[in-house]
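A.B. asks: So you can see what is in the structure, the chains are spelled out below.
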Amino acid sequence: MLDFFQAVSDGLLFGATYALIGIGFTLVFGVMHKLNLAYAAASIGAAYAGLLILQLGAGAPPWAVFLCAFLGGGVIGWLVYLTCFHFIPLSHQLAPLMSTVGMLLLIDEIIVHVTAGMPQNYPAMFDDVMLRAGGFTLRGDLLLVAGVSVLCMIGLLALLYRTRLGLATRAVSQQPVAAQLCGIRVARINALTFIITGLLGGIAGALIGASVGALSPLLTAPLTVKGLIVTVIGGLGSIPGAIVAGLLVGAFENVFQQFRGVTERDLYVMLLLFAFLVFRPGGLFAPKS
Amino acid sequence: MKTLALAVALALSTSAFAQEKTIRITGFGAKSGVVRSFGINSEAAMLAAADVINKEGGVRLADGSKAKVVVDFLDDRCNAEEGISVLRRIYGTDAVVAVGPTCSNVAEPLFGILQKKVDDKGDSGLQMPVFTDVAIKVGLAKISEWAFRNVPNETTMYSSLFYWLKTKYPNAKTVFGGVEEDFAHSRASWYAVMKDRAEANGYNVLGNSKWLLNDTNFATQVREMKNANADIVAISAHPFTTCGVLKEMQRQGVKPKVLVGLTSSSSLETLQGCAKQAEGMIIPTSFAPVTKEGKAAAETTAKFKGAADLHSMAAWENMFILKQVIESEKLSGDKAQLQADRRKIRDGLAKLKETKGLMGVTKRTDDREADKPYLFVHANKGEWKVLHNPL
Numbered sequence: 001m002l003d004f005f006q007a008v009s010d011g012l013l014f015g016a017t018y019a020l021i022g023i024g025f026t027l028v029f030g031v032m033h034k035l036n037l038a039y040a041a042a043s044i045g046a047a048y049a050g051l052l053i054l055q056l057g058a059g060a061p062p063w064a065v066f067l068c069a070f071l072g073g074g075v076i077g078w079l080v081y082l083t084c085f086h087f088i089p090l091s092h093q094l095a096p097l098m099s100t101v102g103m104l105l106l107i108d109e110i111i112v113h114v115t116a117g118m119p120q121n122y123p124a125m126f127d128d129v130m131l132r133a134g135g136f137t138l139r140g141d142l143l144l145v146a147g148v149s150v151l152c153m154i155g156l157l158a159l160l161y162r163t164r165l166g167l168a169t170r171a172v173s174q175q176p177v178a179a180q181l182c183g184i185r186v187a188r189i190n191a192l193t194f195i196i197t198g199l200l201g202g203i204a205g206a207l208i209g210a211s212v213g214a215l216s217p218l219l220t221a222p223l224t225v226k227g228l229i230v231t232v233i234g235g236l237g238s239i240p241g242a243i244v245a246g247l248l249v250g251a252f253e254n255v256f257q258q259f260r261g262v263t264e265r266d267l268y269v270m271l272l273l274f275a276f277l278v279f280r281p282g283g284l285f286a287p288k289s
Numbered sequence: 001m002k003t004l005a006l007a008v009a010l011a012l013s014t015s016a017f018a019q020e021k022t023i024r025i026t027g028f029g030a031k032s033g034v035v036r037s038f039g040i041n042s043e044a045a046m047l048a049a050a051d052v053i054n055k056e057g058g059v060r061l062a063d064g065s066k067a068k069v070v071v072d073f074l075d076d077r078c079n080a081e082e083g084i085s086v087l088r089r090i091y092g093t094d095a096v097v098a099v100g101p102t103c104s105n106v107a108e109p110l111f112g113i114l115q116k117k118v119d120d121k122g123d124s125g126l127q128m129p130v131f132t133d134v135a136i137k138v139g140l141a142k143i144s145e146w147a148f149r150n151v152p153n154e155t156t157m158y159s160s161l162f163y164w165l166k167t168k169y170p171n172a173k174t175v176f177g178g179v180e181e182d183f184a185h186s187r188a189s190w191y192a193v194m195k196d197r198a199e200a201n202g203y204n205v206l207g208n209s210k211w212l213l214n215d216t217n218f219a220t221q222v223r224e225m226k227n228a229n230a231d232i233v234a235i236s237a238h239p240f241t242t243c244g245v246l247k248e249m250q251r252q253g254v255k256p257k258v259l260v261g262l263t264s265s266s267s268l269e270t271l272q273g274c275a276k277q278a279e280g281m282i283i284p285t286s287f288a289p290v291t292k293e294g295k296a297a298a299e300t301t302a303k304f305k306g307a308a309d310l311h312s313m314a315a316w317e318n319m320f321i322l323k324q325v326i327e328s329e330k331l332s333g334d335k336a337q338l339q340a341d342r343r344k345i346r347d348g349l350a351k352l353k354e355t356k357g358l359m360g361v362t363k364r365t366d367d368r369e370a371d372k373p374y375l376f377v378h379a380n381k382g383e384w385k386v387l388h389n390p391l
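Residue numbers (our numbering), protein chains in the order written: chain F, 1 to 289; chain C, 1 to 391.
Rather than coming from a laboratory, the hints here were simulated on the basis of the structure. All values reported here derive from a predicted model rather than from experimental measurement.
Short, incomplete list of chain C residues facing chain F, as computed with Cβ under 10 Å: (1) Ala-30; (2) Val-34; (3) Ser-37; (4) Phe-38; (5) Ile-40; (6) Leu-213; (7) Asn-217; (8) Arg-223; (9) Pro-239; (10) Thr-241; (11) Gln-250; (12) Ser-267; (13) Gln-277.
Covered by chain C, according to a simulated footprint, are these stretches of chain F (three or more residues, beta-carbon under 8 Å): (14) 4-13; (15) 110-122; (16) 219-233; (17) 258-267.
Just a sample of chain F residues kept apart from chain C, beta carbon distances all over 12 Å, derived: (18) Ile-53; (19) Ala-64; (20) His-86; (21) Ala-95; (22) Val-150; (23) Met-153; (24) Ile-154; (25) Leu-165; (26) Val-186; (27) Phe-274.
C-beta atoms are modelled at their ideal positions from N, C-alpha and C, and glycine is treated no differently.
Turn these sequences into a full structure, and let the hints guide you.
C.D. replies: Listed below in structure tokens is the structure:
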């Protein structure tokens, strides 16, 4: 029984990394009604960018790496917006979707070429902290990720509902033409959305790198898939939904692994996704239209 | 007058250049994706070896003339379909032999498109000698008589390792495995080699944990490992997940008496990813820069921006073995005789009973595999250091 609870808690905590990626997916979808499939790759790219600081100063502390990843994420987010959305006719539904697929592959290949595909050690925060209660343990670094996810959610909700930028963002999301007629610069709001999600992606990538302990191009594909699953299960456009779904997917994944083995694990996660698509297509927290 | 002399000199040198014979050897392997470093290192080793051969005059052909060795390297992305396509492309060039591939999941289907038995008129398979340097999964060369490998024999190496561990750690009685279930080499190496050899040496194998190549969370698997409380933990996985598992083992306080790793993990990647956690991990390998030749090969390969490891140095050795075969089989080097030259390479490789390697003499087996010398290395202060030489 202890193993079961341990598997659930491990999964819940690791699900926080999925939640962080899911938030980025859902924010862009909420504002632009478009999927940015390059988001997870851009987040990992930003985490790699964080390592650049170690090239400049070998003894740079982890927070400096995280800060560099945060800023790098913003820059990459803006570049993704420019290349995949700004110059591409958004009226063609498939065009931005395909351009983000291309960007995902491009970021992946750039990482592979720069690092020769070798895993890079990533500075950890609180990785030596383990909360223990008998045989039951909780990883300190994953608790940090979960905490940061909740803070990101609070920060984003505050930004969306308590600031003029948030008001403009919601206006663009709901009625882009009317927003434009009111003097809101839609392109600027869209770019800012990408920069904000990019900054968030930088944090997500760095925290994922820190919790895994290493960065590898192998991370991008599974994170993209899990991020999308989380976004759909949570409800497209719902930030709290992304967090709850991220934790749920992480927990289910671990439980399935515990009982059915690693080779069947993803099969059940996909079945869970299909179940949601059939019985609750709007997800757990479908935004009211 | 000066211009005329220059023109004549240029014409003569151009003519001489045009007459220079070449023998093309094409390497192929993964130069993109997460195993890109394997391709980079193999290519560098092949170019470095060709450079040494060419500086010594090149290879002697049937008519007594010398030819320079030209090396190309193509990317198969560690993908079976791409690998087959790349080999067909190589077949369409004047390459006399192909060296590769990197991945066992490419080698297996790729050997399948080669002619199974030479001179079988009913078999329209490709008649192209392939001399593998990296793909290590046990027993693949038997698929085709055109397939040859110069990769270490993992069965022999792990058998020897577990035998040695028996004497070195007499109190260690139990083994627990960790296996990257969706990667051909890792899977085959655990089930058919490590587990089998541990049992053959009298160890009690308590079980194994499984994970996938892309996995990042190993908490459940390491808990299984912890519950088993085995004396020896053997991890059959590539560096990325090996490092993930080692870090989780550290978190959960799993400290076996002995930690054994997969041959492919005795590389820079593991040390780059988790040198601290890998400390003490023992791996059998067919290369370490301990001989004069090995050191020189590693240094020359480094000049071509490659790292020397058991895989890339096999590519280096392949080049010198091929030089020997080209000369002993008297290749014409004539493009019109290309298929005959390819056949000579195949026959020459098949005849070899032993070859000279960087670590000593390599025995060739009847099923076109290699029985290479090996030693045991362990991770020690961020480096792979020789722990024991069983030979």
